[in-house]
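Chains as they are written, first to last, in this note's numbering: chain A, 1 to 302; chain B, 1001 to 1379.
I should point out that these hints are in silico values taken from the structure, not numbers from a laboratory.
Keep in mind that the hints are not guaranteed to be accurate.
[Unchecked claim] Simulated pairs of lysine-lysine, DSBU-like, Cα-Cα distance not exceeding 30 Å:
1) K192(A) - K1297(B)
2) K192(A) - K1178(B)
3) K192(A) - K97(A)
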Amino acid sequence: MNELAEELRGVVREVVAERSGDELWKTAAELGWLGLEIPEAHGGSGMGFDLLAPVLDELGRGLASIPFVSSVVLGAAALRFSPFGDEWLPAIASGEKRVAVALDPYVLDAVDADAVLVVADDRMHLATVTVTAVPTYDVTRRLAEVRVDELGEGFGDAALIAWLRERAAVALALDSHGGARRAMEITVEYAKQRMQFGRPIGSFQAVKHHCANMFVAVETTKVAADTAVREIAGEPGHPTRWSSIAKAHAADAYVDVASLGIAVHGGIGFTWEHDMHRFLERARLDQALFGTSAWHRDRIAS
Amino acid sequence: MDDALDDFRARYRQWLASHVPVGWRDRVEGDRRAAVAFGRWWMAERDDGGWSAPAWPVEHGGMGATLAEQLVMYEEETVADAPSTSLFGIGLSHAGATLIGHGSEEQRTHLPRIRRGEEIWCQGFSEPDAGSDLAALSTRAMRDGDDYVVTGQKVWSSFAEHADWCLLLARTDPDAPKRKGISYFLLDLTTPGVELRPLRQITGSAEFCEIFLDEVRIPVANRVGAENDGWAISQTTLTTERGPFFLPAIQALRRRAAEALAAVSSLPEGHVHRQAIAADYAEIEILGELYAQVLAKQAEASIVKLYYTQLLSRLTGHMVEAGGLDEQIGSALPPDAERGGTWMLEHLQAFGLAIGGGTSEIQRNLIGERVLGLPREPA
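With the rest of the complex left out, here is chain A (with noise of 0.2 Å):
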């Protein structure tokens, strides 16, 4: 399984770095990403979050900018649940439709998706809404206001709705440690080529410290959202403390190294032709996106 997930992860890898948009989503649906974990007699494979796990990561590396983790991490594994199933899950597997789920007063990826979840009383709903695009610091991602003009049928109980906001808490630990650990790789790099006072900057303590901190950042996030996909490989029912540690720890990680990141870059690293704050940006939204990081270390103590 492990191999499995290895292999895919380094598939996923020099895709994300060729294609972008839709060409990106054409060929995550070709190659299989998008139905990794919907049933097989519904056009999928019928895998577990171990295998979304190295997608997600590397859609976070290479900073993304497709609807999975709303119409595969949540949409499907809701869907599932649903009696829409027949109907949906095939379509999502295919690519030809796409499903966002509206878990916070902004919607991620409600913009052009064919369906939007909502939740009301405890349940999930198809329903029949009003999308309008605001705009986000992170250009690598859509959000949206979801006006809701008819709930229709709901499906699903709390338990679910509990487990798909866990699912995307470790998503975004997931895209966290992708991001950050790009970051810190970059940043490294850097260190290395660039030279002030007759040596590469990195020979200096404050900037080694400042990427040594980086390296301590990543490596503990790797960690944590690794255990958290263990943790919530199973159905609804099985809350754990990991999603939210993995949620809350990656996202402020990431957020402590893509500004380490600018920092060391200097003044290069604050144009807007340079990368690292793009990095930042997609943090910040991370980091408020499914539950804030404050909110998830009040579920850990509680």
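Using the hints, position chain B against chain A.
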């Protein structure tokens, strides 16, 4: 495999149940000499049962225990509230590894005495002017016939006050580059010219000593390895014999974090102390998982040392803050009073742990240079 481990656990649990003396804490409470004598007795008791020196190879009288077995032993000792063997830690880890790896046949006759608690060992490495820059040490050893004559000063020697023997680094060639002129010695602390002075630390206790050496004669037979080869020997034993070194400390920190979390969970959501402790708890749980991975991979331990000491300082500091004025009522003196268990004392202790065994700044250098491949700072 797991069955064998379960069986191992059951056997050790049974042995502990029938050998840990009931009420042993009362016997040693507040009496250091009684505690040392009791510790020696306990080591002999363990050796009789075949439970001493878990990490040593069987041919040297050790258990040849796997890492998993060592972890099991530690867990069972915690459950059984077994007496600590930390007084014998330098002997079991550093002296043991050094003698097994580099000692002569004659020198290895120390091994059974270490196992049985007949010898307590300390380390004479650091000096007032050689801390992070250990290789700058200046204690001098001059060859004189079959002896070396050693003069200098050592500091930060844990448990030296009770020790019988000392692992000593001294300079045998002052003209060689600093790492090339150091030799490794076994010093009998009863030798004339050795003077120990306890060093009181910020927690009030005197766990460390200064060691003053004034023309102390060490037989050549007590030099480990070749002359001027001491630095390399000290490095191999420092890095390869860590084993589950941090395990007791990390497990203790996890227990304390769980206590702290329970203490703040009744505070309202968003409360600053609840938030801070939850973040500390989360990272301490991550530390536990990280440590398990580092142990399994035998990987670079700098990250564990750095992260552990940071989190210890943070958690205890947050609990000191949460405790407010109440937490400030207490005293580090007299040092032999009941200790441990207060957040403030543990917070003070944390500063020492972040310095000893390579400061946090040194750990960051190691991560930067050895793991990330950043260039060294020019000398």
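Comparing the hints with the structure gives:
no. : hint               : result
1   : K192(A) - K1297(B) : 27 Å, holds
2   : K192(A) - K1178(B) : 28 Å, holds
3   : K192(A) - K97(A)   : 45 Å, violated
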